[in-house]
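I would like the entire structure built from these sequences, with the hints used as guidance.
2 protein chains.
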Amino acid sequence: MENKRPLILISNDDGFQAKGINELIRYVSDLGDIVVMAPDGPRSGQSSAITVHDPVRYQLVRRVSGLTIYKCSGTPTDCIKLSKMTVLERKPDLLLSGINHGENAGINAIYSGTMGAVIEGCLNSIPSIGFSVDNHSLDADFVHCAETIRRIIRKTLQEGLPQNICLNVNFPAEGEIKGVRICRQTKGVWGHEWEKQTHPRGFDFFWLTGDFENKEPECEDTDNWAFHNGYASITPTSVDLTAYEMIDKLKAWNL
Amino acid sequence: MENKRPLILISNDDGFQAKGINELIRYVSDLGDIVVMAPDGPRSGQSSAITVHDPVRYQLVRRVSGLTIYKCSGTPTDCIKLSKMTVLERKPDLLLSGINHGENAGINAIYSGTMGAVIEGCLNSIPSIGFSVDNHSLDADFVHCAETIRRIIRKTLQEGLPQNICLNVNFPAEGEIKGVRICRQTKGVWGHEWEKQTHPRGFDFFWLTGDFENKEPECEDTDNWAFHNGYASITPTSVDLTAYEMIDKLKAWNL
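Protein chains in written order, with my numbering: chain A, 232 to 486; chain B, 232 to 486.
Among the clues, some could well be false.
Quick list of simulated restraints, FRET-style, between CB atoms [said to hold, decoys possible]:
id, chain 1, residue 1, chain 2, residue 2, range
1, A, Thr299, B, Thr299, 50 to 60 angstroms
2, A, Glu320, B, Glu447, 28 to 38 angstroms
3, A, Gln290, B, His423, 21 to 31 angstroms
Heads up, simulated PhoX-like pairs for lysine-lysine below, C-alpha to C-alpha not over 20 angstroms straight-line [what the hints assert, rightly or not]:
id, chain 1, residue 1, chain 2, residue 2
4, B, Lys386, B, Lys409
5, B, Lys386, B, Lys235
6, A, Lys482, B, Lys409
7, A, Lys322, B, Lys446
8, A, Lys409, B, Lys482
9, B, Lys482, A, Lys386
10, A, Lys480, B, Lys386
11, A, Lys409, A, Lys386
12, B, Lys427, A, Lys302
13, A, Lys322, A, Lys235
14, A, Lys302, A, Lys250
15, A, Lys446, B, Lys322
16, A, Lys482, B, Lys386
17, B, Lys480, A, Lys386
18, B, Lys322, B, Lys235
19, B, Lys250, B, Lys302
20, A, Lys446, A, Lys418
21, B, Lys446, B, Lys418
22, A, Lys235, A, Lys386
23, B, Lys302, A, Lys427
Partial list, derived from the structure: chain B residues whose beta carbon lies under 10 angstroms from chain A [said to hold, decoys possible]:
id, residue
24, Val287
25, Tyr289
26, Met316
27, Met346
28, Lys386
29, Glu390
30, Glu424
31, Val470
Keep in mind the hints are simulated off the structure, nothing from the lab.
Cβ coordinates follow ideal geometry from the N, Cα and C atoms, glycine included.
Put into structure tokens, the structure is as follows:
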């Protein structure tokens, strides 16, 4: 009676040495055989970027029982694409990305390299989940998320996910998790996004910064509300971007 | 009686010197006052990437009556974010991105820097449209798209677009446009994505390439079908990634 362990592919956008991914590996190590293909350094804000103009390479970092870690010179999306053709002997049963140092809720999911890896897994019909914590610190604490992460993973391995849908999970910075809320993406916009400085040679340059303006801070069904109020948020996320509700309206434009 | 001209912001991912963006500027120059903020070089495949770890700068390239062109060291998304805080005196009435050298239909919209700029415009409540032609040549022909582009722009200026919805327009490589079809994003996956080569020092490296496997080539309501059959495709595209149909199912998981 064979009891084959699930194959779990793990990536992130903070790089293979980040605390978050190494904590995630620790939390899930008994749930399956793990292959890590993660960027060789920070790739925050890389969205679903792919490396078009340069070659990409990968290298083995460590192989121990049930765990193999590779680092990759590309983006999070490149990591998933490259692992598929190189180090994976079969399609993974699950793809995990994170745990990201910093939340990826609301429209941040669009810029997120963590979610870039998740979206790529989903496009390849792998049940895919991104995990992020609302704490940018290099030494952020993740232990309060461990049990919820394991529960979500076990249930996803059991139930699967529909084609074209992946999960975006966000956690509060700290404290006991009050529960899990199924959410929608919070509406909002970034403001005051650049800080201007002047180069010694006299020209201006700009650092990306900014404040997120939540347009619906009171809406308890949004992901931002959930993790700001002590809950883990799960936002089911589609890789089919079609705005179906707009199709008939556009047809009526008679273009 | 003031007849204020629309303010049109234009960007792309092929860079400010590409033929496609300069053709687009030519086609729309009588439709409004134009500000261009485009990358200083190629940024294909940058998706909605933002520049997190480096400063970004911009420079004036040219200013003539009704047209101002800036180049920017960042990604297409950076271009839109930076123009908002620096060179734009008011919110644009329209954002255009392209014309891209190469199609951005189906799941390619997810990787596309052209669509990255469009999505950023949409997140900032600007009616936003991406234009792409199924021809990667640096000297691609765009003239066959001009009249359709103008018709789509005029209608969008007149009707506006709903919050959170932008347009992804793709054209055949050549030939008279048979008409405009309102489409959904084609389902498919990229295969054979990497070409392996060996470095003189003995290690392997990989170039991103690949074949798009269209999972529904016969479906006449998809964007790939449309531009492969001589039509311009318009895919209404949402920046709210929530898979609403999954919310109740996930609630039933009782996490």
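To see whether the hints hold, each was checked on the structure:
no., hint, in the structure
1, A/Thr299 <-> B/Thr299: 50 to 60 angstroms, "53 angstroms, holds"
2, A/Glu320 <-> B/Glu447: 28 to 38 angstroms, "29 angstroms, holds"
3, A/Gln290 <-> B/His423: 21 to 31 angstroms, "23 angstroms, holds"
4, B/Lys386 <-> B/Lys409, "19 angstroms, holds"
5, B/Lys386 <-> B/Lys235, "17 angstroms, holds"
6, A/Lys482 <-> B/Lys409, "16 angstroms, holds"
7, A/Lys322 <-> B/Lys446, "18 angstroms, holds"
8, A/Lys409 <-> B/Lys482, "16 angstroms, holds"
9, B/Lys482 <-> A/Lys386, "12 angstroms, holds"
10, A/Lys480 <-> B/Lys386, "12 angstroms, holds"
11, A/Lys409 <-> A/Lys386, "19 angstroms, holds"
12, B/Lys427 <-> A/Lys302, "17 angstroms, holds"
13, A/Lys322 <-> A/Lys235, "14 angstroms, holds"
14, A/Lys302 <-> A/Lys250, "15 angstroms, holds"
15, A/Lys446 <-> B/Lys322, "18 angstroms, holds"
16, A/Lys482 <-> B/Lys386, "12 angstroms, holds"
17, B/Lys480 <-> A/Lys386, "12 angstroms, holds"
18, B/Lys322 <-> B/Lys235, "14 angstroms, holds"
19, B/Lys250 <-> B/Lys302, "15 angstroms, holds"
20, A/Lys446 <-> A/Lys418, "6 angstroms, holds"
21, B/Lys446 <-> B/Lys418, "6 angstroms, holds"
22, A/Lys235 <-> A/Lys386, "17 angstroms, holds"
23, B/Lys302 <-> A/Lys427, "17 angstroms, holds"
24, Val287, "5 angstroms, holds"
25, Tyr289, "8 angstroms, holds"
26, Met316, "5 angstroms, holds"
27, Met346, "9 angstroms, holds"
28, Lys386, "5 angstroms, holds"
29, Glu390, "7 angstroms, holds"
30, Glu424, "5 angstroms, holds"
31, Val470, "7 angstroms, holds"
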